[in-house]
Amino acid sequence: MAEEKVNWDKTATYPIGMQKLAWAFVGYLIFVILFGAWVRISGSGAGCGNHWPTCQGVVLPVEPSVKTIIEFTHRITSALSGLMGLALLIWTWRKKSPALSWAAGMFFFLLVEGFIGAVLVKKELVENDASMSRAVVISLHLVNTMLLMLCAVAMAVRVGAERYRNGYAGALIWLVMALLVITNATGAVTALGDTIFPIKPSMGPELIAKIREDVSPGQHFLIRLRVVHPVIAAITAAIVFGVLAYFHRRSQSRWALAAMGLVVIQVALGVGNIWLAAPGWMQISHLLTAQLLWVTIVAVWLD
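Numbering follows this note's numbering, in which position 212 of the sequence shown is assigned residue number 212; successive positions increment by one, without gaps.
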């Protein structure tokens, strides 16, 4: 029997099962990202010591502590994402799918993600380390994660159908994406500062006094940078919402409408983070919404 050929023309609908798997992979990546944030929040980054890829010098830790279990579990889930990514790359290559270039990019950024994680562990840029080096690596880690998610979402869209972004998007969508990358990078530094230097919940005059104290020259740079992210985030939210409203009026895009809703939710969570002094569950919720917003923005670009 002759081998069945898959038609990859611009209007074809591709194997629905593979499209579902690709989107499931996107969901799994979000889970791994959130789990990585929990590793930081719980102070478990050194749970395996400075050993990588082994944990405490062995393949399977014996009588592990809670922090070791958390860190080791994160490594397992990350390794599984690598295997899943490799499987999707091989599938798109064998089927000569138009999603192949995106799958290749996705796998490349998966490898970079693992490398950055290894650097954090080997250089001991974990737990209570408050160095500039850790802040820089954390920011790079977040930017790479966003590029990884961009490729993964694009792969999922292209596996489902060969589609091109709307011509009216142009520079506006690139502006939105660039602003979100900058905002998320500053957010990663702020989250690091909130973890190492916890603050008390405050609002009104007490909050203003706290901000003045934080920006004083004698404070640690992570504390002084706390005010940067909320300012950038507020400006970004206004611009992104306006651009998305424009896209929605032009094309009635459901992705654009969903992204607008996520912007509103994200702003509310940001205010909640400031008000409640960034508790762990709120940081996770904030990060989750940021990832979902990024997914929808990428979908708007490709839709």
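Keep in mind that a hint or two might mislead.
As the list claims (entries may be wrong) - Derived DSS-like pairs (lysine-lysine); straight-line CA-CA distance at most 30 Å:
no., residue 1, residue 2
1, 20, 96
2, 67, 123
3, 20, 67
4, 123, 20
5, 200, 20
The set of hints was computed from the structure by calculation and includes no laboratory data.
Practice task
Any hints from earlier that this structure breaks? Give me their numbers in increasing order, please.
Solution key: Hints 3, 4 and 5 contradicted; others consistent.
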